[in-house]
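Going line by line, the protein sequences match chains E and L. Using my numbering, read the first sequence as starting at 1 and increasing by one per residue. Using my numbering, read the second sequence as starting at 536 and increasing by one per residue.
Any given hint might turn out to be false.
Stated by the list, open to error - On the chain L side, residues computed to face chain E include the following (Cβ under 8 Å):
hint	residue
1	Asp-829
2	Arg-831
3	Phe-847
4	Val-850
5	Leu-851
6	Asn-908
7	Pro-943
8	Val-944
9	Val-952
10	Gln-963
11	Gly-965
12	Trp-969
13	Leu-971
14	Leu-985
15	Leu-1034
16	His-1037
Because the hints were derived from the structure by calculation, they are not lab data. By construction, the Cβ of each residue, glycine as well, lies at the ideal position given by its N, Cα and C atoms.
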Amino acid sequence: MNILTLLIFTPILFGIIVAVLPSAWRDSFKYITLLATLVQLGLSVWIYCNFKTGADFGGVNHEGQFQFVQKLPWIDLDMGAMGKMQIEYFVGIDGLSIALLVMTSFVLVIAALASWEIKSNLKGFFVLFLILDMAVIGVFCSLDFFLFYIFYELMLLPLYFLIGMWGGARREYAAIKFFLYTLFGSVFMLLVMIGLYLSVKDPATGNHTYNMVQMMNPANYQAGSVFSALSHQTIFGFPARAVGFIVLFIAFAIKVPVVPLHTWLPDAHVEAPTPVSIILAGILLKVGGYGIIRVCLSIFPDIASADAYWLGLLGVISILYGAMNALAQKDLKRMIAYSSVSHMGFVLLGIASQTTEGISGAVMQMVSHGFLSTMLFFLAGVVYNRVHDRGIGHFRGLASIMPQYTAFVMIAFFASLGLPGFSAFIGEAFSLMGAFKSHSVNGLLPYWMAVCGSLGILLGAAYFLWTLQRMFFGQVHLKGGSVWETALTDLNFREKITLVPLALMVLALGLMPSLVFDKVNDSVLALVQFFQHTI
Amino acid sequence: MHDLLPFLPGSLNNVFDSIPYFMPEIYLAALFILVLVTDLLFGSNSEKLCRIIACAGMVLVLFKDIDQAHLLLVNGQGNGHFIFSEMLLITHTAINFKLVIDVLSLVLLLYFAWDDRLAAHSKGLSDLYSIVTGTVFGLHLMTMAVNLLSIYLAIEMVSIGSYLMVAYRSESAFGTEAGLKYVLFGAASSAIMLYGMSLLYGFGGSLYLFSGNLVPGLSQVNPMAVSFALVLVLAGIGFKLSFVPMHFWVPDVYEGASTPVTAWLSTLPKIAGFALLINFLTPFIFFAKWTSFDFRLFLSVIGIITMIVGNFAAVLQTNVKRMLAYSSIGHTGFALMAIVTFTSTGLSALTYYLAVYGLANIGALALATYFANVAGADDVESYRGLGLKYPVASVCFVIVLVSLTGLPVTAGFTGKVFVFSAVYGVYQQGHNLWLLLLMITGALTTVISLFYYIKIPLYLFLKRSEIAENHIGRSNKIIILAISISFLLVLLGIFPDLLLKHL
Chain E
1 MNILTLLIFT PILFGIIVAV LPSAWRDSFK YITLLATLVQ LGLSVWIYCN FKTGADFGGV
61 NHEGQFQFVQ KLPWIDLDMG AMGKMQIEYF VGIDGLSIAL LVMTSFVLVI AALASWEIKS
121 NLKGFFVLFL ILDMAVIGVF CSLDFFLFYI FYELMLLPLY FLIGMWGGAR REYAAIKFFL
181 YTLFGSVFML LVMIGLYLSV KDPATGNHTY NMVQMMNPAN YQAGSVFSAL SHQTIFGFPA
241 RAVGFIVLFI AFAIKVPVVP LHTWLPDAHV EAPTPVSIIL AGILLKVGGY GIIRVCLSIF
301 PDIASADAYW LGLLGVISIL YGAMNALAQK DLKRMIAYSS VSHMGFVLLG IASQTTEGIS
361 GAVMQMVSHG FLSTMLFFLA GVVYNRVHDR GIGHFRGLAS IMPQYTAFVM IAFFASLGLP
421 GFSAFIGEAF SLMGAFKSHS VNGLLPYWMA VCGSLGILLG AAYFLWTLQR MFFGQVHLKG
481 GSVWETALTD LNFREKITLV PLALMVLALG LMPSLVFDKV NDSVLALVQF FQHTI
Chain L
536 MHDLLPFLPG SLNNVFDSIP YFMPEIYLAA LFILVLVTDL LFGSNSEKLC RIIACAGMVL
596 VLFKDIDQAH LLLVNGQGNG HFIFSEMLLI THTAINFKLV IDVLSLVLLL YFAWDDRLAA
656 HSKGLSDLYS IVTGTVFGLH LMTMAVNLLS IYLAIEMVSI GSYLMVAYRS ESAFGTEAGL
716 KYVLFGAASS AIMLYGMSLL YGFGGSLYLF SGNLVPGLSQ VNPMAVSFAL VLVLAGIGFK
776 LSFVPMHFWV PDVYEGASTP VTAWLSTLPK IAGFALLINF LTPFIFFAKW TSFDFRLFLS
836 VIGIITMIVG NFAAVLQTNV KRMLAYSSIG HTGFALMAIV TFTSTGLSAL TYYLAVYGLA
896 NIGALALATY FANVAGADDV ESYRGLGLKY PVASVCFVIV LVSLTGLPVT AGFTGKVFVF
956 SAVYGVYQQG HNLWLLLLMI TGALTTVISL FYYIKIPLYL FLKRSEIAEN HIGRSNKIII
1016 LAISISFLLV LLGIFPDLLL KHL
């Protein structure tokens, strides 16, 4: 049994168990889910430890260099004149996926622990949670575009219900907005995907293929096909490859989210219950970033280089616009949501630089943000569960009634604003280094973008510190008065064992970034080389 | 009379030779008579018996369809075989369509009695079963008809059966209105079609689509005149397919008829209509010198408009059946996209898409029946909070609707992918702008369709209700049906080749 297959389908097995157990056992569902995520974490740590590094394991556009590969024929159809339809169950990982995979498994454990707060309709919640779990792991492992797309779309429906059924006051609006936004991006991705499929032929079998690795090789494109670089096809007068790239980019940019496609995010994050916010911010945003690297850039490297300026610009806009919005927010969860927009902007900036530093930084930033946003949303959930209010102005002097909580908040805030010693510093510094270097190495991004990016860090410090000052310091003054004061108990045991590993991870990655970089580096080098070859 | 004598033996031989190829239809005719006689003999107690006979007979017909396919294969007539002096053409595609029709009508025969409102009919359902078997005979003919005369007869046979079914239960004024509307629109459109056919006959001098001189003859005639005649005929077929602008009868009739009858109308005549459209178009497409009328352009424009109108109108609906009516118009538009490819890949994609659509639509309407039975709910508004009370049915409803929207992992998604691939394949060769527009519209309307399909899960699960709904009845059989349909849809979503490799 392939370990990746096991990793992908473990949650659904547990999901089936939860589904068939009688509702009288509903108290056990959360333990079953936690067990599922722990098993997954164990598997992914094992994968991490056994992941081989070296120039021979770069992956990206070399199918043989992927690890833990499983490739099975899935849909094999004789289509008459169009040859055989070749869709494979093809999973495998390289350096770009391994770090995100481990981070995802880790965050899922935290999300399962955060699910303790869910009180109604437990069976539905945990079944949907486990389906979502399967889908996100599947996305990071798939190397067949069709498989990737199925997992990608499969995330939507569980999320719709998770937000819509267990969310806050405006949950219906937030859920449908999220769903429509993402679906809008992905139906057009479907068209490009089919176009790519019909343009590419597997040299081994001579059939059209959905294999993403084959799509990266320009030699595999059929002469005269829509997306062949040599045939210069147009769609509505625009170069077909540019259209394909933009459509795919929009689909993933909605997920990331990149300003101006971010408007679903504050609503969805705020209305979702804590575990779902954690999954949304911690994992789903990374699906967007991962998709941009794995699909957009790797399949359309020529266009990515040509349009790098615009990608960088969007990144910078996201950084600044997200940060300024975060400054203006009065709701703690909304502030964190906008900080996510800002932080994910660094990912896009790093990717756009197409330098080793930039892309390593982008991956590092994704991993780091995965842990940090999880921590931040979990912390926001702690206050909300106790008094059902998250207004920043409604609290004052929390430090004196919840000292342990405040300690964790300070760790999370300082880590997020990029204090050296924590993971976000490494991620942001490397992304910016890439952006600075880009001008001299490949001339894709001008200096001012890196400068503006650095400004984002400053703004980040501003909104985090200001929030800290407003909510935690000073005299105790709560909107709910003494009722709140008794309700606001300090962290309990479950919350502490959730937060401690997160804080440790963030610190560990800040002190030993090699934990990520060692595994990622070969793939990043392979990717950068691949760019240089195609330009 | 004497002049015809030399031809008689030949004609007779042709008829006799055709009979082995006509077995499914002969069985259907016998079944129709059997059900009818049973109904007459046993009177009002015959309902159960009629149902058992009809279902058993339909299973038999299914096997005969498969025999028919074998017969074609054994005799090496892979490209099709004309029977009854070229009145009918049996092809692999036609048999596939017949199989789809028979399976779906079997499901429907089971489902009719499970609708409490329809089952409460004072005369019982025995007559309905005989009408259905008779109409399935007409549907079979529609898939094979290649002569203007046989086309007209087949369509009329289905129409008359459908008129009866729509008006079968009409205790409310709305139902009666629906029945009358359907008859009037149906009669008018078949008159239009007949006029178009007579023009075609006048221009081409033949009724035979494939042989004879019809298509070459028509290509000599003034293009305007021929186009006019063709549009009239297509309008008649369009009534069955319910594409825009021949769709105006759909919402009222679908809402007014009993739910199982709506399930019938929205699937079977439509599927047979597509089979007929293929038969009708094929001779024109393969006649190299045909320039008078651009079918691809015409059907593309119709397809785009149909997708847009159907889906946008559905957004505004609150009655579940009416919403599904508009959505079925949207699906017609999408299926037209597969037709305009005019390739064998397109045809198998179309068959797959329609089979899956039929299954999902019947599932959706069966679940609408379920909620009407157990909670008296017809509007999405009255579905409020029912999801937690009837979790199994509601989850099935979600799966069925996801399939209708075309999201993974359901058969609706794979159907969409196959149709898109077929269209893309043709687009890549010719770079026809209309094909591109069709695909973009198809993708865009998917998003719009989500907007209204999701309304049902929205009310079932997301909206909460304070009032405890009164429990009216139980419908366990529909649950079993819905579970089986949902299971099939998911199974085909993961392994579409289970079905597609046969098409």
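Hints breached by this structure
Of the numbered hints given earlier, those the structure breaks are 1, 2, 3, 4, 5, 6, 11, 12, 15, 16, listed in rising order.
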